[in-house]
Amino acid sequence: MSAAPALDVAAQPSDTAWRRRRLEAFAVLDEARLLAAYRLATLILRSRDEAEDATQEAIAQAWSRWETLRDSSRFDAWFDRILVNICRNRLRHARTIRVVPIDDAFHVPAADDHGRTSTRLALEPAFARLSPDQRVTIVLRFWRDLSVEEIADQLGIPAGTVKSRLYYALRSLRAALESEEVRP
Amino acid sequence: MTSRNPDTEDAIREWLADSAPNAAPASLSRTLDEVTSEPAGRAGRRFARRPGLLLAGRLVAVVALVAIAASTLYVYGRSMPTTSGPGSISPSTPPSASMPPSPTPANTVAPTATETPTPTSPPFSATVTQLPGSNWNLVSWALPFTTQTTAGAYQQPIFALPSGGFVAILPTAASETRVFESSDGLSWHELAALPTNGAVVSDVIESRGLLVAVGLIVNAGKTTPTSAMVWTFDGRTWDATQLSDGSMANHVAAGPAGLLVTGTGPNGFELWSSNDGTIWRPSPQSGIPWDADQPVLLGNAGGYTLAQLFQPRVWHSMDGTHWTETYHAPALSGISSYYMGALIKAPDGSFRSFGGIYTGTGIASPPLGDTWTWTSPDMEHWTLTGSITNQGWFNAVAPVAAGFVAAGTQAAPDGQPRPFEVWTSRDGKNWQPLAGISSLPHSEVLAVVGDGTHAVVALLDGQGQLELLVGAGLK
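If you're matching them up, the sequences are chains B and G in order. Each residue of the first sequence is one higher than the one before, counting from 44 in my numbering. Each residue of the second sequence is one higher than the one before, counting from 978 in my numbering.
Please keep in mind that the hints were generated in silico from the structure rather than gathered at the bench. A quick note: this is a predicted structure, and the numbers were derived from the prediction, not measured. All C-beta atoms, glycine included, are put in the ideal place defined by N, C-alpha and C. Heads up, a few of these hints could be off.
Claimed, not checked - Per label pair, the in silico range of CB-to-CB distance: (1) B/N128 <-> G/A1378: 33 to 39 Å; (2) B/S116 <-> G/A1278: 56 to 62 Å; (3) B/S116 <-> G/P1109: 44 to 50 Å; (4) B/D92 <-> G/T1106: 43 to 49 Å.
What the hints assert, rightly or not - According to the in silico footprint, chain G covers these stretches of chain B (three or more CB under 8 Å from chain G): (5) 65–76; (6) 82–93; (7) 101–109; (8) 180–189; (9) 193–204; (10) 208–219.
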């Protein structure tokens, strides 16, 4: 994207204030924010194609449901919530959870980086086995660095549920790392 | 491997950072430009329904009407079996005299009559283990089709039937959706599979001898990711009806105006209605805002109730068309937001909802494990009546003749969640943990359902296997 959407209010067929406000709100979706959204979706879905579709869907859905944004200063959190819900739904509705093979879809560590490669080998399938909600929670916590309360606020769920999902997801991932560690 | 793995959390951070893409595809900017430059009339309809849908719907209706006329047995000649035995189907019963076939007005859709595959799987070898000191059993391998490799494992897999017994609707890795029935939650037998691949069922009711399931199908490779669907089962055959392309159906209820289905589509809240469960039409409505957030639906002879659970609001209608808001949760000082749970009918005829609060950034956490309760004498008017302190987090609650059964996560004194917990209560206020649960390995609670005398807690164990905790004699 070369520039934020032009705020050419005169070009709008109906010069209503809310339409102007919506355009202004969406002007914050610059290249950096689109990349951040795409990264978030990629890490949750573990597929760049799926992430591209999900981010496009989030843009369209956010535009059509802009009236649900009560506080324009919370645009980022609101947009992320839409995107995360789309990712969760895609995971839930996918017929199979794909375990993305180690291929050119993601960066492959250098051959001498043995520890990182084995970590990756352990985490990729273990992450694929997590529930959609656990995946989302892990990415928000360890990629976005959100606190438990911030994740609860973002997802609209009790903080206790976030703690529970984190606890059991981490336990699964830790078990995968430990099993990789003892592999000869 | 010789080197030690780094700390788990650091390893996860590193792995995520390694696999994050460095650039966004150009299509995202193009999408943003296209969406934000749409003329006002198209705003919000990026994934608009295709113009051919109505025509296609009418064609489907014509074809289906012919099929229905030729084989009314499919739709009206059978009733849902309510007793079970391995491989058995109850004898058919004649249709109710109060349920004549409906004329098909324009803009309606009817089911496509599809030959449903006959179940071929052998009986399952379930393992039943009685919990010490209780009338509850842990049932493993009763329904071995749900694994963690299918998305359906995370949907509600089991539904209670008002006439008694349960149905389980489970997607398989082969994209089939298989259906099972049980009278007691312990032994299950397979009914015909849904005739539609890629189906995800979100709600089920029994109405006038038909089993009615609603949900969605995944539209692989299409711009509209899902289609809202209704499936009806007459005891022998499933019929499928596509309600809307680009939407998903969420809940179904029966009331004075027939069957209603709620859903969510590109333009927000959607509603469909049917007199008989077979012919469906989009339902006009007034009073429900378009952005109502996937409200749950209840119905009985006194009308219909819709409830938005997060930021709770409740609406009521007698005819399914004109809705009046009967409850709007007030803002409470110091609390970011709170939520109602599913609306359930209590044994004494009143209605209950068990919810809670969540905190926003910068707001102190509430006491661990508090649950808030709402009550209603009539399903229409709701009042926040109290809280259950420090009990745990209820994932789901179901009514039984003896009171209520809840399942969720117990909070330990150190603040860490403990393995799942099951509680029972006679009055909905005082709850007791179920004996013998602490010896079970951790499982995630998927659903709690009750048919009056039995309760089934559906669990997903650490290997992605569906397990059932079944309580009997709950009178």
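Exercise. Against which earlier hints does the structure fall short, listed by number upward?
Worked result: Hints 2 and 3 not satisfied by this model.
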